[in-house]
Amino acid sequence: MAEEIRFSKEHEWVVIKENLAIIGISDFAQKQLGDIVSIELPKIGSRFEQMQVMAIVDSIKASSDIYCPLSGEIVSVNEDLLEHPEWINQSPYEKGWIVKIKPSNINEFDSLLNREQYENLINTTK
Amino acid sequence: MQTPFYNNHLGLNAKIVDFHGWEMPLQYTGIVDEHVNVRKNVGLFDVSHMGRFKITGARALEIVQNLVTNDISKVNNCHGLYSPMCYDNGGIIDDLIIYRMTEEDFLIVVNASNRTKDLEWIRDHAQSVKIEDISNETALLALQGPYAEKVLQNLVAADLGKLKQFDVINSEILDVECLIARTGYTGEDGFEIFFNSSKIEIWDWILESGMAYNIKPAGLGARDTLRIEAGLMLYGNDMDETTTPFEVPLKWTVKLEKEFIGKKALMGKEVRRKLTGFEMMERRVARHKNEVLLDKSIIGHVTSGTFSPTLNKSIGFCFVPLEILENQIVNINIGDKLYKAKICSTRFYKRN
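Chains as they are written, first to last, in our numbering: chain A, 10 to 135; chain B, 2 to 353.
Hints in this document: simulated from the structure, not taken from any laboratory.
The model shown is predicted, which means the values in this text are computed figures rather than measured ones.
Any given hint could be a false lead.
[Stated by the list, open to error] Straight-line alpha carbon distances no greater than 20 Å define the calculated SDA-like cross-link-like pairs of lysine to any residue that follow: (1) Lys290(B) with Ser73(A); (2) Lys16(B) with Ser73(A); (3) Lys341(B) with Pro51(A); (4) Lys52(A) with Lys338(B); (5) Lys314(B) with Glu92(A).
[Claimed, not checked] Part of the chain B face toward chain A, derived, beta carbon under 8 Å: (6) Gly222; (7) Arg285; (8) Phe308; (9) Thr311.
Note that CB positions come from ideal geometry on N, CA and C, so glycine has one too.
With the rest of the complex left out, here is chain B (with noise of 0.2 Å):
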């Protein structure tokens, strides 16, 4: 599958990959090029291939409500909320951003891995709503980075410097109707723009009102160092079905006083793992499933490493038993040779 701008990474060059089914640009100019200039100017992100789904009617707000575990009755209109979404038994099908535009419409955000399982599950457990798929006919931009409101406000009429975190508003790129989020998977400030998926004319018009900030594509590679260094966990590398979000750092994403699929499992459940950060303490990266030892025994396994351009560090994800602390050092196993590491926070970056 393609993007509506596949053409436009060609043109610039991009290093395609497969990502579940999805031709996406790895890379353009270079991952470590693309994530500095993310944290110091602005990037440019087509996330098209992220999952889109309406979900509308007068008992909107009662099902959305039920299907997560955050609680987006407590949320404004026009405003987004990151939230796990659970199975029965409390194991996360996948974590989502639901944008409430009204009590009766709600636009939520999934992952392109999970996106027809994530329909299916909403539609059993949706009655009497309208539900639509609208990913196919939506484009998505990311534009992230520091100096994301000042390209993007060149192009919009509406004052982007009332758009809070996470707040969301229709509004128009040019003549083009969209609808800007501020949000995003970076660590930095920036916005999320949803579009009609023809209008791709957009990709160039953020690319030359970007000029004056340097502003350059950015591709998965990016996005994936990018998240990990600001803490942010993907789906099917840090979490999937066997997880619960209190076994990861979700736990403020569970909202026990109201009701939600899954909240009886998560009430009963013992928590004996957690997912925490490490930083190498050697020159090696650890790599997804690399398993982590104390002494000589296996006590979990790294869920995300990478290279953090920003620390100048090998850093990642890995589950431990709740016991180990931060500070303690543990031993990875990077192909059947030991490395150092020492326990941390996930959050590795948090900007000024």
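Pulled out of the complex, with its shape left as it was, chain A reads as follows (with noise of 0.2 Å):
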């Protein structure tokens, strides 16, 4: 992955692929929720402020709200995790995607952590 990523505090991740914002869940926070066993898309066309919860996941122990990191508009789905929620454990930065945004405001990718300031977090939170 050649492109850059970034981390919210709530431990989504993005990355920028020709102007849309791909999101997802860190390995952290997999490990963290353990088995996930089904989640909660939004629908394509709607749109979320910075920080605004736009999908849930349910683990077997708790349920979680994932937040979107960027402002924007859905414009794509991973509907396969509507059958494979394990692919957000097994492939949190591939196959377990979980949006794609098209981003209203692209200077908050700036706002959000690097690598290395999500890594101060997680082992501030271990």
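Hints in hand, dock the two standalone chains.
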């Protein structure tokens, strides 16, 4: 992955590719949640402000909100996850991507944590 | 608090959680993986956090009979019985397994969360017998799954093939004295093994003996999903002091032809609600305390909810009014959104 990856404080990751932001949850987040058994995805065309709840994942032990790390409009959702929510555990950065959005303010990307800052964050939560 | 196997759990990279003050393994490799392995092969659980009391003496049978709703007088020696224990008002203090070793020697296993409360209640209602809390000096492991007998038989001289469900025997694992009961909380065949808490090597002996059968340690996470699939209730979630055995599927454990504490209240009490099973029709997991609605009115609440790895569906138990029938569709409020669920039996899984 040549593209720069950024993270939100709520453990979503973002990569910008061809002007679209691809979003998922981090490896740390999936490990914390444990076995993910279902996901509720947003509708294509829906709009979210930065850090609004856009999806919900259920693991066996708990339900967790997934936040939209950038403001924008949903252009694509990973519908395969409805049948294979375990992909979020198995491949959080690739097969487990959750949505693609068209960002309305690309400057927000710079406000997110870079890899080093994110690693510091999870080391303090551990 | 920690069980004698705490360091074994750490060594196996368990995720540790607090369970009523106990630092217990939630999972080792993953809840689904451990769950499936118990159904297919065999799993080892540390359940040493549960309470264990001995009641002994000439009047032990009579005293235990009075404390519990089920009839322990009809049970043979060296056999266990599941029973609620109720307050005078019929509310459930706890649900327990009573092992009758002889008429004068009983072992009672209670929920970890209720240890103190149960012991006080029993002491207050059991004169002229000896009551010992042996929880700290004993360890308790549960070996569960279709290969449990093969794994344990490697280590014990007694013929486990002769041990029927709920039977209990004194035996030895290699040279360590232990009590082996054919009981469990998973819906599979299996054993619960009691022994001196200093003999922690038994944990490793069982894991080694089970290697040929793909044994894996299993945590509280899998214990919960397994018991829900099997229709087994959990005190604190599915029943508590405000619940009577007639509201949950425990009518079979209440023997009105004998005397016991709470009988009078139970006989006079009108039953208005029942605990039943439900299957989610949408891909969400309902949780304890989620509301159950019919049309737009709240008719009950979820007591336990999880995802069933065996059925690949979200399932659970809920309280609903008596008139709600199986196959009826209700709504469950999860995070202020309504999701459809179908009412069904609490027995989601039955082994062949």
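Structure-based check of all given hints:
1. Lys290(B) with Ser73(A): Within the cut-off at roughly 17 Å; holds.
2. Lys16(B) with Ser73(A): holds (19 Å)
3. Lys341(B) with Pro51(A): Holds. Lys341(B) to Pro51(A) sits at ~19 Å (cutoff 20 Å).
4. Lys52(A) with Lys338(B): Since the Cα atoms of Lys52(A) and Lys338(B) sit roughly 16 Å apart, the hinted pair holds (cutoff 20 Å).
5. Lys314(B) with Glu92(A): Between Lys314(B) and Glu92(A) the Cα gap is close to 12 Å, so the pair holds against 20 Å.
6. Gly222: holds (6 Å)
7. Arg285: holds (6 Å)
8. Phe308: Check passed: Cβ of Phe308(B) comes within 4 Å of chain A, closer than 8 Å.
9. Thr311: violated (13 Å)
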